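> Residue strings, one per chain:
2 protein chains.
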Amino acid sequence: MDYLEALNKRYSVKKFDTEKIVSADALFHILEAARLSASSLGLQPYKIIIAQTPEMKEKLIPAFYNPSQISTCSHLIAIVSKNTIGPEYIGSYFNIISETREISLESLNPFRESISKHIERLSTEEVMTWADKQCYIVLGNLMFAAALENVDTCPMEGFKQERIDEILGLDPATEKVAVTLAIGYRSEEDEFQNFKKVRKPKEKLFKFI
Amino acid sequence: MDYLEALNKRYSVKKFDTEKIVSADALFHILEAARLSASSLGLQPYKIIIAQTPEMKEKLIPAFYNPSQISTCSHLIAIVSKNTIGPEYIGSYFNIISETREISLESLNPFRESISKHIERLSTEEVMTWADKQCYIVLGNLMFAAALENVDTCPMEGFKQERIDEILGLDPATEKVAVTLAIGYRSEEDEFQNFKKVRKPKEKLFKFI
Numbered sequence: 006m007d008y009l010e011a012l013n014k015r016y017s018v019k020k021f022d023t024e025k026i027v028s029a030d031a032l033f034h035i036l037e038a039a040r041l042s043a044s045s046l047g048l049q050p051y052k053i054i055i056a057q058t059p060e061m062k063e064k065l066i067p068a069f070y071n072p073s074q075i076s077t078c079s080h081l082i083a084i085v086s087k088n089t090i091g092p093e094y095i096g097s098y099f100n101i102i103s104e105t106r107e108i109s110l111e112s113l114n115p116f117r118e119s120i121s122k123h124i125e126r127l128s129t130e131e132v133m134t135w136a137d138k139q140c141y142i143v144l145g146n147l148m149f150a151a152a153l154e155n156v157d158t159c160p161m162e163g164f165k166q167e168r169i170d171e172i173l174g175l176d177p178a179t180e181k182v183a184v185t186l187a188i189g190y191r192s193e194e195d196e197f198q199n200f201k202k203v204r205k206p207k208e209k210l211f212k213f214i
Numbered sequence: 006m007d008y009l010e011a012l013n014k015r016y017s018v019k020k021f022d023t024e025k026i027v028s029a030d031a032l033f034h035i036l037e038a039a040r041l042s043a044s045s046l047g048l049q050p051y052k053i054i055i056a057q058t059p060e061m062k063e064k065l066i067p068a069f070y071n072p073s074q075i076s077t078c079s080h081l082i083a084i085v086s087k088n089t090i091g092p093e094y095i096g097s098y099f100n101i102i103s104e105t106r107e108i109s110l111e112s113l114n115p116f117r118e119s120i121s122k123h124i125e126r127l128s129t130e131e132v133m134t135w136a137d138k139q140c141y142i143v144l145g146n147l148m149f150a151a152a153l154e155n156v157d158t159c160p161m162e163g164f165k166q167e168r169i170d171e172i173l174g175l176d177p178a179t180e181k182v183a184v185t186l187a188i189g190y191r192s193e194e195d196e197f198q199n200f201k202k203v204r205k206p207k208e209k210l211f212k213f214i
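Keeping their order, the protein sequence lines are chains A and B.
Residue numbers for the first sequence follow the numbering used here, so the first one is 6 and each next one is one higher.
Residue numbers for the second sequence follow the numbering used here, so the first one is 6 and each next one is one higher.
The shape of chain A in the complex, shown without the other chains (with noise of 0.2 Å):
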């Protein structure tokens, strides 16, 4: 399939059939689209949890305002960004680098420098708002992903963020959801999917210079 009409085909799925479940080949690669995401600095500030047990997403449906998706979806699927960028985390990221291309940890020494300079600048506030904005790439690399794989989505920022935050078991002082998407397929019942895409038109939405 194209991947415009993927694309068009997309909508926010409002209820999804509860008798169809993402196999597992295809939630692999819809997470390794989400992996590959660019971040800034490389960075990647965030995990990903994926819900699956039928005991854990109906563990989740309180902390939604509208939970019609999370009681009927294949998976939850939470981005989980950090409110911290640490020293340590920032060393766990060059042990990566480090390990994937082969190079002594001190040849990464200026880069490794100029990463934390840049972090250590920012307010609490600044590091948490850059690391949100990080996971609505991989919200929309997951999105774009499962278009290509047929698979239907929603994402949803309507949460009770200590209410999801606790029952994640994280820890509020180091992360928390920052956003996520319920995935499945569209049930039959769900007539938003007769209608009409809304876009912007092309003339309004861009402008060439």
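Treat the hints as calculated values from the structure; they're not laboratory data.
Quick caveat, the model's predicted, so the values are computed rather than measured.
It cannot be assumed that every hint is accurate.
Identical copies look the same in the list; a pair holds intra-copy or inter-copy alike.
Derived lysine-lysine pairs resembling DSBU-like cross-links, with alpha carbons at most 35 Å apart [unchecked claim]: (1) K202 <-> K14; (2) K205 <-> K19; (3) K14 <-> K212; (4) K64 <-> K205; (5) K25 <-> K14; (6) K64 <-> K207; (7) K52 <-> K25; (8) K212 <-> K62; (9) K14 <-> K165; (10) K19 <-> K201; (11) K19 <-> K209; (12) K205 <-> K25; (13) K14 <-> K64; (14) K201 <-> K25; (15) K209 <-> K64; (16) K122 <-> K52; (17) K207 <-> K62; (18) K201 <-> K122; (19) K20 <-> K205; (20) K207 <-> K122.
Once you have looked at the hints, place chain B on chain A.
Chain B only, in chain A's frame:
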């Protein structure tokens, strides 16, 4: 090309080949992927400016801290986010819904009121953060589609806010550049293309519950 292969091939280009220009066709497809992006409440709180003339790209160079991409890219795309969402903006969105779906504006009143109330509850700061995050879904879609079109990219957050807004003629009271993306084709001289991609291993990034 398989989409995971395309995402794997993607990297943040440091230097583009100045001889190669992205074709109008490829650019059209990439921008269409941006136009089809999902956004919170469907409000698409952004516009997209495409700097394509050599003069305009040249003019933008001083707005960036590391301008090697700007001076070599084919096109520089600026995603501009709205700072405020007022009744007029919401009204224009509902006009598009009404026209696209051929339904009366009156029938949309309950939906319009619910969206207006939601936005009114947000502080100016919250609206800006919310709008910026939606711009990062657009950024994700642009990079993903470009990878599928075999077009290289570099997302760029390192710009001087006031400077770039001024060069692009934005009204700082109502809008600002959220993030930019340089597109084009990697220069053979860009050594970064030979480096192995560094990402968190699956077991560190994903948690299944």
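> Within, between, both or neither: how does the pair K64, K207 come out at a Cα-Cα threshold of 35 Å?
between (42 Å within a copy, 25 Å between copies)
> Measure nothing new, just compare the shortest in-copy and cross-copy C-alpha distances for K205 and K19 to 35 Å and report within, between, both or neither.
Close inside one copy (22 Å) and across copies (32 Å); limit 35 Å.
> Can you tell me if K207 and K62 fall within 35 Å by alpha carbon in one copy, between copies, both or neither?
between (39 Å within a copy, 22 Å between copies)
> Could you place K64 and K205 in one of the four classes (within, between, both, neither) given a Cα distance threshold of 35 Å?
Classified as between; 28 Å across copies, 38 Å inside a copy.
> Go through the copies and call it for K205 and K25: within, between, both or neither, with a Cα cutoff of 35 Å.
both (33 Å within a copy, 30 Å between copies)
> Could you figure out if K19 and K201 sit no more than 35 Å apart (CA to CA) within one copy, between two copies, both or neither?
within (15 Å within a copy, 40 Å between copies)
> Within a copy, between copies, both or neither: which one fits K25 and K14 at a CA-CA cutoff of 35 Å?
both (18 Å within a copy, 33 Å between copies)
> Is it within, between, both, or neither for K14 and K64, if the alpha carbons may be no more than 35 Å apart?
For K14 and K64, the Cα distance is within 35 Å only inside one copy (31 Å; across copies 39 Å).
> Using 35 Å as the alpha-carbon threshold, which applies to K201 and K122: within, between, both, or neither?
Answer is between; shortest inter-copy Cα gap is 24 Å, intra-copy 48 Å.
> Have a look at K122 and K52 and pick one of within, between, both or neither, based on CA distance no larger than 35 Å.
Classified as both: same-chain Cα gap 23 Å, cross-chain 32 Å, threshold 35 Å.
> If the cut is 35 Å between Cα atoms, do K19 and K209 qualify within a copy, between copies, both or neither?
both (28 Å within a copy, 31 Å between copies)
> Given a CA cutoff of 35 Å, do K52 and K25 count as a within-copy pair, a between-copy pair, both, or neither?
within (26 Å within a copy, 37 Å between copies)
No hint from the list above goes unmet by this structure.
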